[in-house]
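From first to last, the protein sequence lines are chains C and Z.
Using the numbering used here, you'd call the opening residue of the first sequence number 1 and step up by one each time.
Using the numbering used here, you'd call the opening residue of the second sequence number 1 and step up by one each time.
Note that these hints are calculated values from the structure, not bench results.
Possibly wrong hints are sitting among the right ones.
Below 27 Å or equal to it, Euclidean Cα-Cα: the simulated DSSO-like pairs (lysine-lysine) are [to be verified]: (1) Z:K104 - C:K75; (2) Z:K56 - C:K75; (3) C:K290 - Z:K56; (4) Z:K74 - Z:K104; (5) Z:K56 - Z:K104.
Residues of chain Z clear of chain C, computed beta-carbon distances all greater than 10 Å [claimed, not checked]: (6) S46; (7) D47; (8) G48; (9) T49; (10) R76; (11) H88; (12) M99.
Short derived list, chain C residues pointing at chain Z, Cβ under 10 Å [claimed, not checked]: (13) E32; (14) I63; (15) Y73.
By construction, the Cβ of each residue, glycine as well, lies at the ideal position given by its N, Cα and C atoms.
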Amino acid sequence: MEPGQYNFNLTSEINNWQQSIRTGALTEDDIEELTSHLYDEIEDLQSKGLSDEEAFMIALKRIGHTKEIEDEYDKLNLSFSNGYNLLMLFWGASIFMLMQTVLFVGPNLPRLIKSKRDHIWYLLDIDLTRTLSYCFCVMVGALTVFNIVKPDKVSAMFSNLIAKYSVVAAFFSFFIGVCASWYNYSSINSNTAIDFFNKQESMLSVQLLATIFYGSVISLTAWLTLRYQKKKFRNIKIFSANLHWLSSLLLGIILTWIVNASHMAISTPLTFGTIIVCFSIGGYLVGRSKNFVLNLAMLQLYSACEYLIISILNTQAHFLFAFEYAFVIISILLGSSISRKKIRDA
Amino acid sequence: MNALSKDLIAATSVPVILSILSQGESYGYEIIQKVKELSKGQLQFSDGTLYPILRKLEEKEFIVSEWRIADNEKRRRYYRITLTGINHFKEEQASWGLMQDIIKQIWSQGNIILT
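Start from the sequences, fold in the hints, and give me the full structure.
Printed below as a string of structure tokens:
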């Protein structure tokens, strides 16, 4: 019997029960599995002539107290609840970064461009900023009220959404994050820092700081979201075994951007060190997946494209870029050969 | 006979699950029904606590799971024992056999003496 065929009360009772076990320790897969167990038990009892309510009460007693089940999962999933908290933390940071773009930097863009031409040092229009601050307060306030009236609804909805579409969400967070951070950073860099200090060195340090702050928020949000795909969030072993072409591609993009960020420090040993560390880890992870040949090809695809474009645009430095790309390939092969050997030995 | 102690249930849960899965793939509800049937109602535990054990066994790569649509159109998670699981199960079987022998021998030596 399908859930829809039960009368309304039973379905809503089961929904309530699902809400009560939706804590950090249980994944969406765990909840679905327990629910399917509950339905099996109820059907069994109904076939013996029990009413919906009686069957539900007995099934609930047999499956055990919510607290007891949670405790068992908690013992097992320590890394899951820690990881889940981290994930929410980074999504929070990413959302606030995006809010900064949308509410503060965005509407000031026309002024920003104009002010750059006119060499006006301070550009934020106080009236506009004040209006935007009100908008921001209203939004946060509305969210808080909604959260009080319908507790856990927002976080449950959000958590369901990114668990279901984790690869898409990781892609989304990464690209929106890169655009937003570039936008936020350039508004600071092009106006305050350069005009204020008027020094090349200051500009570079602002660039470096922005890369470190924004870069870590963006790449860690994407990385954690990628791992929060149903059961795959729990440990690296299961995550890497379930990697597919799209998640491998995104992993390659994240790693390439970390390497790109290392260029900021203008230190060749650092760049090559970053390539070796990042891509051998990437190769190791992807090497554990099922279609590892295809996935490894996807892992290097983005950096291959990037180096190709850069080599065409900058013909003078193409030898260096080719050398960097060769290092990427060597690191990937190194990492993947280690993981393949491990799998063969097992 | 009283219900079995919690400690004994906890200690035996892994070999019991592996024995059932060594007879063929199964899903959570079916595994519990089998255990209950075999124990004739003596084994009392919360059904929900079986699933974390299955998850633990999966992480140790003793079993693998797969979501599939069952014959009755329901989505179910099926579990299957792996080669590593079978090897572990054989080791457990030997240990349990040894324990059983020891206990049997001691018990056959004489009656309980109350002083």
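Hint check:
| no. | hint | verdict |
| --- | --- | --- |
| 1 | Z:K104 - C:K75 | 35 Å, violated |
| 2 | Z:K56 - C:K75 | 10 Å, holds |
| 3 | C:K290 - Z:K56 | 22 Å, holds |
| 4 | Z:K74 - Z:K104 | 46 Å, violated |
| 5 | Z:K56 - Z:K104 | 32 Å, violated |
| 6 | S46 | 3 Å, violated |
| 7 | D47 | 5 Å, violated |
| 8 | G48 | 4 Å, violated |
| 9 | T49 | 5 Å, violated |
| 10 | R76 | 6 Å, violated |
| 11 | H88 | 13 Å, holds |
| 12 | M99 | 25 Å, holds |
| 13 | E32 | 7 Å, holds |
| 14 | I63 | 4 Å, holds |
| 15 | Y73 | 5 Å, holds |
Consistency note: the structure conflicts with the earlier hints numbered 1, 4, 5, 6, 7, 8, 9 and 10.
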